[in-house]
Amino acid sequence: MIRGLLRFTLGRESEMLKVDNLESGYRPMQVLWGLNLEVKKGSITSLLGPNGAGKSTTLKTVFGSVLPWNGKILYEGMDITELPTHSKVEKGIVLVPEGRHLFPNMTVKENLIMGAYSEEAAKRQVESFELVYSLFPVLKERTKQRASSLSGGEQQMVAIGRALMVRPKIMMLDEPSQGLAPRLVIQVFEAIERMRGEIGLSVLFVEQNVETSLDISDYVYIMHEGSIKAEGTPKEIRALTDIREAYLGV
Amino acid sequence: MISVGKSVNSQQSIVNIKKYFPLLPVYGIYLLLFLIGIIYPEMWSVVTLLAFYCALGQAFNIFLGMTGYVDFGYVAFLGLGAYGMALGIDVSHQTGLNIGIIFIGIILGLLMATLLSLVVGAVALRLRGAYFAIATIGVNEGFRYLIEGAKLWGGSEGLIYFRQLNEAMGREKTNVIVTFWADVFVLVIAAISAFITLYYMRSKIGYALTALREDEDAAKVMGINVTKYKILAFITSASMAGMLGATSWGLKYTHVFPADVFEIHYTVEGIVIILLGGAGTLLGPAAGGLLYGLSKYWLGAMFPGIQLLIFAPIILIIIVAFPEGIVGTMKKKIKGTVLERYIA
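Going down the list, the sequences are from chains H and P.
Just so you know, numbering that gives the first Met the number 0 puts 51 at position 52 of the first sequence, and the rest follows in order with no gaps.
Just so you know, numbering that gives the first Met the number 0 puts 81 at position 82 of the second sequence, and the rest follows in order with no gaps.
Worth flagging that the hints you see were computed from the coordinates, not collected in a lab.
Treat each hint with caution, since some may be false.
[Stated by the list, open to error] Here are the simulated lysine-lysine pairs, DSSO-like style, with alpha carbons at most 30 angstroms apart:
no., chain 1, residue 1, chain 2, residue 2
1, P, Lys150, H, Lys143
2, H, Lys122, P, Lys17
3, P, Lys203, H, Lys108
4, H, Lys122, H, Lys139
5, H, Lys168, P, Lys203
6, H, Lys108, H, Lys168
7, H, Lys228, P, Lys203
8, P, Lys150, H, Lys108
9, H, Lys143, P, Lys203
10, H, Lys40, H, Lys143
11, H, Lys143, H, Lys122
12, P, Lys17, H, Lys143
13, P, Lys331, H, Lys108
14, H, Lys40, H, Lys122
15, H, Lys168, P, Lys227
16, H, Lys122, P, Lys150
17, H, Lys122, P, Lys172
18, P, Lys17, H, Lys108
19, P, Lys227, H, Lys139
20, P, Lys18, H, Lys143
21, H, Lys139, P, Lys334
22, H, Lys139, P, Lys203
23, P, Lys332, H, Lys143
24, P, Lys332, H, Lys108
25, H, Lys108, H, Lys90
26, H, Lys234, H, Lys17
27, H, Lys90, H, Lys17
28, H, Lys108, P, Lys295
29, P, Lys295, P, Lys203
30, H, Lys108, P, Lys172
31, P, Lys332, H, Lys90
32, H, Lys139, P, Lys18
33, H, Lys122, P, Lys295
34, H, Lys90, P, Lys331
35, H, Lys71, P, Lys227
[Stated by the list, open to error] Selected chain P positions facing chain H (in silico; Cβ < 7 angstroms):
no., residue
36, Val177
37, Glu215
38, Ala217
39, Gly222
Idealized CB from N, CA, C, for every residue including glycine.
Isolated chain H, as found in the complex (with noise of 0.2 angstroms):
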């Protein structure tokens, strides 16, 4: 019984996002259709699913630039399903929309600057700058250089630091390898567990690279059409060839 009650506290505790049987799109155009998942406090959590499927709505409509037309959205047990997404912000989550969105004619110490924006932020200004460049220690070198300068991979650890210098509890990222080399996914897929390991941090991403992603994540969930059809750790979604065949291509 205590291990069931231990069970029951814990496994409450360790949940940092749940999404129950969420509808959005863009009216007319319905694109989710009754989504759930869940996102383990400190784990790697990713989306996976051929174009189209509404993995960037999901996060959108997680994050509110999209409005959810129905359902629930749960972050550390208080639903969030109806707040602003500046209030999100402050509350602790933070997406790394797909394309970056940095400010090109600013620096990359400007741009970083721009993310410490809440009263909360601004005061942990100096203690993040140090975070970033921990995990980034190129970013320290580029610091005074123009964000528009920087290679495709820099600009997406720019991306993430800037998202870094909220001090989120989780972090989405949209499609973070679109556009890079091989090696640089691997770096960024590389700052992605780090940011776990040393600060704790709960990731919920969307990919198009499949095989990277089943390496580095925690769990794994499979939309198509705007719902899950498929979930499980790496491993036995690997081990499900008909699903992955039919979904991933892979």
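Please arrange chain P on chain H, whose structure you already have, making use of the hints.
Relative to the frame of chain H, chain P by itself:
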């Protein structure tokens, strides 16, 4: 841009006087304009023209320059400001308030413009970029036809209130106020707008607006309530325009006609001034206002009738040569020098 970060660090140090050094050149220009007008009375009409353009640019810049949104209906705020002055004087001229009625007019102009900006902002600021610009085109035309069609406030015949002013303040005082103080007020409004611009620039508001102007999606991701700051900039800018309309049109001409005050070319002039001077800079609107006003005056005197034909290519050349405006380009050149502290 580095100053953005500095301001965050120094937020605790209460009044950092150095932060406000960039006001010196701006206020220098306005003081110089005023002195030239006082010393050479025959120049007063040129000074008033320049003061109007500087103030228009400075007020419009708070919204257009700082957010990057283009409002084609901006002149409606000036127009409503002028009507505010007219109605204020009309209502209060028999109360024995004497000069006080002018302030009632200015406040009424400010309130009416602010109210309109709240309504327009709440609806149109949900749209982005070009969609916002198109949505606002209709605002001033709509207002003009509303007033004319519904015979509101005298309809297309407008309001004339020179007599009321005379009754309230006497002929002599009215003359001085209409020909001199109305224009001084315009300079004061330009100065207030400049102060607000710099205050915004040096605070968290400017920080949010910079992010929003550069990339609205990125601003959202960083946890900035973009709608809030857009509306704030819009309302501030509109209230300045309301006061400007109340003084430079309402008070100065002592009459308001809808066809005159809801004229879209003032909006376009405002946009040109800001782009010439440098959008989002503090000194830009003053520099742009001077350049635009002087060129328009001088070309009008030298080449009457074809001045616009000559003016258009000149503007084009300046914009191609200085894509970020004169002050925007200058700011880049002086980065790292002592001058940096005085130009924003």
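Verification of the supplied hints:
no.: 1; hint: P:Lys150 <-> H:Lys143; in the structure: violated, 61 angstroms
no.: 2; hint: H:Lys122 <-> P:Lys17; in the structure: holds, 22 angstroms
no.: 3; hint: P:Lys203 <-> H:Lys108; in the structure: holds, 17 angstroms
no.: 4; hint: H:Lys122 <-> H:Lys139; in the structure: holds, 20 angstroms
no.: 5; hint: H:Lys168 <-> P:Lys203; in the structure: holds, 24 angstroms
no.: 6; hint: H:Lys108 <-> H:Lys168; in the structure: holds, 22 angstroms
no.: 7; hint: H:Lys228 <-> P:Lys203; in the structure: violated, 45 angstroms
no.: 8; hint: P:Lys150 <-> H:Lys108; in the structure: violated, 58 angstroms
no.: 9; hint: H:Lys143 <-> P:Lys203; in the structure: holds, 22 angstroms
no.: 10; hint: H:Lys40 <-> H:Lys143; in the structure: violated, 35 angstroms
no.: 11; hint: H:Lys143 <-> H:Lys122; in the structure: holds, 22 angstroms
no.: 12; hint: P:Lys17 <-> H:Lys143; in the structure: holds, 24 angstroms
no.: 13; hint: P:Lys331 <-> H:Lys108; in the structure: holds, 18 angstroms
no.: 14; hint: H:Lys40 <-> H:Lys122; in the structure: holds, 25 angstroms
no.: 15; hint: H:Lys168 <-> P:Lys227; in the structure: holds, 25 angstroms
no.: 16; hint: H:Lys122 <-> P:Lys150; in the structure: violated, 57 angstroms
no.: 17; hint: H:Lys122 <-> P:Lys172; in the structure: violated, 56 angstroms
no.: 18; hint: P:Lys17 <-> H:Lys108; in the structure: holds, 23 angstroms
no.: 19; hint: P:Lys227 <-> H:Lys139; in the structure: violated, 34 angstroms
no.: 20; hint: P:Lys18 <-> H:Lys143; in the structure: holds, 23 angstroms
no.: 21; hint: H:Lys139 <-> P:Lys334; in the structure: holds, 22 angstroms
no.: 22; hint: H:Lys139 <-> P:Lys203; in the structure: holds, 25 angstroms
no.: 23; hint: P:Lys332 <-> H:Lys143; in the structure: holds, 17 angstroms
no.: 24; hint: P:Lys332 <-> H:Lys108; in the structure: holds, 21 angstroms
no.: 25; hint: H:Lys108 <-> H:Lys90; in the structure: holds, 24 angstroms
no.: 26; hint: H:Lys234 <-> H:Lys17; in the structure: holds, 22 angstroms
no.: 27; hint: H:Lys90 <-> H:Lys17; in the structure: holds, 15 angstroms
no.: 28; hint: H:Lys108 <-> P:Lys295; in the structure: violated, 43 angstroms
no.: 29; hint: P:Lys295 <-> P:Lys203; in the structure: violated, 37 angstroms
no.: 30; hint: H:Lys108 <-> P:Lys172; in the structure: violated, 58 angstroms
no.: 31; hint: P:Lys332 <-> H:Lys90; in the structure: violated, 41 angstroms
no.: 32; hint: H:Lys139 <-> P:Lys18; in the structure: holds, 28 angstroms
no.: 33; hint: H:Lys122 <-> P:Lys295; in the structure: violated, 50 angstroms
no.: 34; hint: H:Lys90 <-> P:Lys331; in the structure: violated, 38 angstroms
no.: 35; hint: H:Lys71 <-> P:Lys227; in the structure: holds, 26 angstroms
no.: 36; hint: Val177; in the structure: violated, 47 angstroms
no.: 37; hint: Glu215; in the structure: violated, 9 angstroms
no.: 38; hint: Ala217; in the structure: holds, 4 angstroms
no.: 39; hint: Gly222; in the structure: holds, 3 angstroms
Hint compliance for this structure: hints 1, 7, 8, 10, 16, 17, 19, 28, 29, 30, 31, 33, 34, 36, 37 are broken, all remaining hints hold.
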